[in-house]
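Participant: The chain contents come next:
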Amino acid sequence: MTTTFEKLRAGDAIDGPAFAVSRDSIRLFCDASLDYNPLHLDDEYMKGSFGKTNFGGIIMHGMNNFGLISRMITDWAYPAGAIHRRLETRWVKPVRPGDTIQPSGTIKAKQVTEKSRWVLIDVVVKNQTGEKVATGEALVEFPRDLFCQ
Amino acid sequence: MAQTQAFETDFWKDANLRKVWDDIVPGEPRKTIPYTLTKEAIELYCKSVGETHPIYFDEAYAKTTRYGGLIAPPSIHILLMFSCTPADDWMRSPGTVNAGQSWSYNIPARPGDVITLQARALDKFIKRERLFVVHDNVFFNQKGDVICSGRGWTIRPM
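Taken in order, these protein sequences are the chains called A and B. The numbers in this note's numbering rise by one with no breaks, and the one at position 17 of the first sequence is 23. The numbers in this note's numbering rise by one with no breaks, and the one at position 122 of the second sequence is 137.
Read the hints as simulated data drawn from the structure, not as lab findings. Glycine included, C-beta positions come from ideal geometry on N, C-alpha and C. Treat the hints loosely; a few may be bogus.
With a straight-line Cα cutoff of 30 angstroms, these simulated DSSO-like cross-link-like pairs (lysine-lysine) come out [claimed, not checked]:
#1 B:K158 x A:K53
#2 A:K132 x B:K62
#3 A:K121 x B:K142
#4 A:K99 x A:K114
#5 A:K99 x B:K158
#6 A:K53 x B:K54
#7 A:K13 x A:K121
#8 B:K158 x A:K138
#9 A:K99 x B:K28
#10 A:K138 x A:K116
A few chain B positions that, by computed beta-carbon distances, are all more than 12 angstroms from chain A [to be verified]:
#11 I39
#12 L137
#13 K158
The task is simple: from the sequences and hints, build the whole structure.
Facilitator: Next comes the structure, spelled out in structure tokens:
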């Protein structure tokens, strides 16, 4: 069923894709993003502490969460002719090789402005034990000249 | 272009050239470099996050959409942040921890776009013994149109 601005209600859910995190997936993200920070590559380096934080091993890029949330939002928006306009995120817990993470969204509010229509979405990424690893908020525009794809 | 081949993947090299928290001046522009976004770079980024939508891969399909051709996913700025900055940029300092980001999207980046970045630290502060820097960034295409703008919070290595 195609999503429409009129039908959306606060509390409606958006399901995102499960993503298996591995050393290979992290390495691929290094190559794709050009972010070769040793946090994501170097086990020896990650035995050390960062100020008050010790991660105990390599961690996934926080922006990999961001990319997954963005994928969920665009895959939901495109068929409705809507446009992903904003995403704000905070990283809550580190993600490690072996974790499986999954983003999801909940419609929070709708807003009509002079020239367009907007939907605010609470987003969260959880790991395999249900812990939140990232939280945030997305904004999707439903233009009046809908162009459904 | 040999941009990707020329990219230094050892972030320890040149580490001594990068600004530490003390050196970073909020408001001062960061050095940036133009980058030509390729279809291959978009496809690699898509693969890394599992993007499969045909609007990124299938030109015939993309022509039927509101965009009239292939586009990059909005989150392509993740790649652009590193491709539009030089090796001595402080975002590359080993141990830089990303605490969160917010991005606004205007128009999509497209394969073949020559993308430029205007970027700076906007603020720096200390919280719970951690050294934070807030950075803001705007990416433009070759026509001077804004692609996206964003702000990030990083914890600096000590």
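Participant: Let me make sure I understand: some of the numbered hints might not hold for this structure. Which ones are they, in numerical order?
Facilitator: 1, 3, 5, 6 and 8
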